[in-house]
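Novice: These are the residues of each chain, in order.
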Amino acid sequence: MLIKRPSPIRSAEITSKRDYLSRRAFLKTSGLTAAALAGAGIALDGEGAPGAQEAPHGRALAGVQRSPLSIADKPSTWRQITTYNNFYEFGVDKESPARFAKGLNTANWKVTIDGECGRTGALDLEDILKGETLEERIYRLRCVEAWSMVIPWVGFPLANLIRKCEPTSRAKYVQFTTLDDPRQMPGVRSAVLDWPYVEGLRMDEAMHPLAILAVGLYGEVLPNQNGAPLRLVVPWKYGFKGAKSIVKISFVGQQPRTSWMKAEPTWYGFYSNVNPNVSPQRWSQASERVIGGGFFNRKTQMFNGYGDQVAHLYAGMDLEKFF
Amino acid sequence: MWAFLTDRLSVNPLGDLTSETGIWTLRFLCLTLAITPLRRITGWNAIVRFRRMIGLFAFFYGSLHFLTYMLVDRLAGLVEFPGGLVSIETIRRLAASIAGDIAGDRPFITIGFTALALLLPLALTSTTGMIRRLGRKWQALHRLVYVSACLGVVHYWWLVKADISRPRYYALAVGALLGFRAWWSRRRRSRTPARTPAAHPRRMPESQRHTM
Ligand code: HEM
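Sequence order for the protein chains is A and B. Read the first sequence against the numbering used here and you will find it ends at 323, with the numbers running on by one and no gaps. Read the second sequence against the numbering used here and you will find it ends at 535, with the numbers running on by one and no gaps.
Just chain A, same shape as in the assembly:
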């Protein structure tokens, strides 16, 4: 088994001395309040004080291979990834998943396959993983709330599972449904979204080699708060496209109406590709706050930097219209 160490910091990521000095000058001259200064100091070292509990470390996954599709950026820390995320089934605050997902029972997990495909029925997680080589995929994650992380997922290509299901020619889209269990998930007891959480991809997007189903993080079993035991990761789209704790995968002819499209149709489109030029929501998408990355934002890249690999999927489409 290969446990990949986080790659060393790229020189580009290290704050240059000039930036550092000018930042100092700025802090000195701008007459910030003591509170703001303290805040900036904390952000620069990247690790907040303990608030939400980070996930306990889980079982190490065997046979995890490196992938050439990983990026070289330094991954966010275990603590950052497992204490600060959205998983509305466990509550709407960033620390809610870390607090309330502990009790989620992921044993004997089944995923129902249905719709326009040759092999429908319930699959055990073991069936799904049978014959798959687990790969570490270090991807950028860009949240629609204008923050970002770098996450060392462990998973396998979604395309592999789709092929196993033998979709018919009528299958144009793949729809993902998250567990909706009010006994285990306090968040679904209030009608914040139209539960269950539904996400979807066009078939060609779903077949793209970058799209994976993740079962792990940092070489270990995926923590509950990050969508255990099986979640979607589509790195060129905003994070919410990655349905978590998936219980159903459906092959459908019509474009699915996702939970977020139903909640706020002017804010969320079906595609939700990362796009710095289009900000239909309240956040400006032009730049992003890198969690643990210092005071200044980073410019957001088209398709979250995966444009070379995925831009062809959208050739000829007006991305302002199909946001």
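Because the hints were derived from the structure by calculation, they are not lab data. These numbers come from a predicted model, not from an experiment. Heads up, some of the hints might be wrong.
Said to hold, decoys possible - Partial chain A-side listing against chain B, Cβ under 10 Å, derived:
1) R79
2) I81
3) R289
4) F295
Claimed, not checked - Cut-off 25 Å, straight-line C-alpha distance, at most; resulting in silico cross-link-like pairs (SDA-like, lysine to any residue):
5) K74(A) - L401(B)
6) K299(A) - S342(B)
7) K299(A) - A419(B)
8) K262(A) - W480(B)
9) K299(A) - W480(B)
10) K262(A) - W481(B)
11) K299(A) - L401(B)
12) K299(A) - R429(B)
13) K74(A) - E220(A)
14) K262(A) - R429(B)
15) K299(A) - A418(B)
16) K299(A) - T341(B)
17) K299(A) - I414(B)
18) K262(A) - K74(A)
19) K321(A) - F431(B)
20) K299(A) - Y392(B)
21) K248(A) - A485(B)
22) K299(A) - P430(B)
23) K102(A) - V221(A)
24) K299(A) - A399(B)
25) K299(A) - S333(B)
Yeah, the Cβ is synthetic: ideal placement off N, Cα and C, and Gly gets one too.
For this one, chain A is given, so just place chain B with the ligand on it according to the hints.
Specialist: Using the frame of chain A, we list chain B with the ligand on its own:
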């Protein structure tokens, strides 16, 4: 600040600053609005002394909120500083991006900004001297706090992603506090005025006579 002191910051402390200061602005606004009803119901007139302080707290937190927005959201979001960080060019770009937000790029900011702008004259005229000088006009002017609180709620409502339950609590609180006033003044008009504490203005010091 409270979260900072109690060790409850997340891994995105700078992001937290804007939301914490925003929510405290709204809480203090609700508190100022609660003083008069509380006084009416309990007859505890002495608490009106705290109203000015709480109102100024609301303004102070609102200003901090605006400052964190300016720095954490806008300045940090400029990303590029062609003229150097401390330069006229930076100030120009910062001002342009804030002006864009206020002019309607992000309507919830237009609303928030209006809410804070309305508090400014109130803070400026909160000195005892100003209260005395403006007399009746002071009272009318300070009714602007009603508008500011309502806009604060709209601002919150518009910015949340899906869960409107928290803005709804504040909407209910502000609605109840303003509703109380409407109800009270109707009641006062229809009943004998002698029952209300405010009907004995001469017993109260000048600065406390003006009611919201
Ligand atoms: C009386 C005036 C104001 C009140 C009562 C107020 C209140 C609030 C509240 C309650 C929040 C939500 C906090 C949360 O999510 O927990 C908020 C967020 C925010 N406010 Fe205000 N606000 C005011 C003025 C302003 C002004 C003047 C601006 C900027 C020009 C502004 C910009 C923002 C921004 C950008 C956020 C979002 C922060 C985030 O993304 O977490 N607000 N405000």
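Novice: Could you run down the list of hints and mark each one as holding or not?
Specialist: Each hint, compared with the structure:
1. Hint status for R79(A): holds, given a least beta-carbon distance of 7 Å to chain B, under 10 Å.
2. A least Cβ separation of about 9 Å between I81(A) and chain B falls short of the 10 Å threshold, and the interface hint therefore holds.
3. Below 10 Å, beta-carbon pairs count as interface contacts, and R289(A) has one with chain B at about 6 Å; its hint therefore holds.
4. The interface hint given for F295(A) is met, as the beta carbon of that residue sits about 6 Å from the closest beta carbon of chain B, less than 10 Å.
5. Simply put, K74(A) and L401(B) have alpha-carbon atoms about 23 Å apart, close enough for the 25 Å limit, and the pair holds.
6. For a cut-off of 25 Å, the pair hint linking K299(A) to S342(B) stands: about 23 Å separates their Cα positions.
7. For a cut-off of 25 Å, the pair hint linking K299(A) to A419(B) stands: about 18 Å separates their Cα positions.
8. As the CA atoms of K262(A) and W480(B) are separated by approximately 18 Å, the hinted pair is consistent with the 25 Å bound.
9. Using a Cα cut-off of 25 Å, the hinted pair K299(A) and W480(B) is violated, with the two alpha carbons roughly 28 Å apart.
10. This hinted pair checks out: K262(A) and W481(B) have alpha carbons roughly 17 Å apart, not beyond 25 Å.
11. A hinted pair counts as satisfied when its Cα atoms are at most 25 Å apart, and K299(A) with L401(B) qualifies at roughly 9 Å.
12. Taking the CA atoms of K299(A) and R429(B), the gap is about 19 Å. The hint holds against a cut of 25 Å.
13. For the given pair, K74(A) sits about 18 Å from E220(A) by alpha-carbon distance, which is consistent with the 25 Å threshold.
14. Among the hinted pairs, K262(A) with R429(B) is consistent with the structure: their alpha-carbon atoms are about 21 Å apart, no more than 25 Å.
15. For the hint pairing K299(A) with A418(B), the CA-to-CA distance comes to about 19 Å; that is within 25 Å, so the pair holds.
16. A hinted pair counts as satisfied when its Cα atoms are at most 25 Å apart, and K299(A) with T341(B) qualifies at roughly 21 Å.
17. The hinted pair formed by K299(A) and I414(B) meets the criterion: a straight-line CA distance of about 19 Å does not exceed 25 Å.
18. About 36 Å separates the Cα atoms of K262(A) and K74(A), which puts this hinted pair outside 25 Å; it is violated.
19. The straight-line distance between the Cα atoms of K321(A) and F431(B) is roughly 23 Å, inside the 25 Å bound, and the hint therefore holds.
20. Between K299(A) and Y392(B), the direct Cα distance comes to roughly 18 Å. Compliance with the 25 Å bound is thereby established for this hinted pair.
21. Restraint check for K248(A) and A485(B): the C-alpha separation of about 24 Å stays at or below 25 Å, so the hint holds.
22. Our distance criterion of 25 Å between C-alpha atoms is met by K299(A) and P430(B), whose separation comes to about 23 Å.
23. For the proposed pair K102(A) and V221(A), the alpha carbon gap of about 14 Å is at most 25 Å, so the pair holds.
24. Between K299(A) and A399(B), the direct Cα distance comes to roughly 10 Å. Compliance with the 25 Å bound is thereby established for this hinted pair.
25. Note on K299(A) and S333(B): the hinted pairing holds, with a Cα-Cα distance of about 23 Å set against a maximum of 25 Å.
Comparing the model with each numbered hint stated earlier shows that hints 9 and 18 do not hold.
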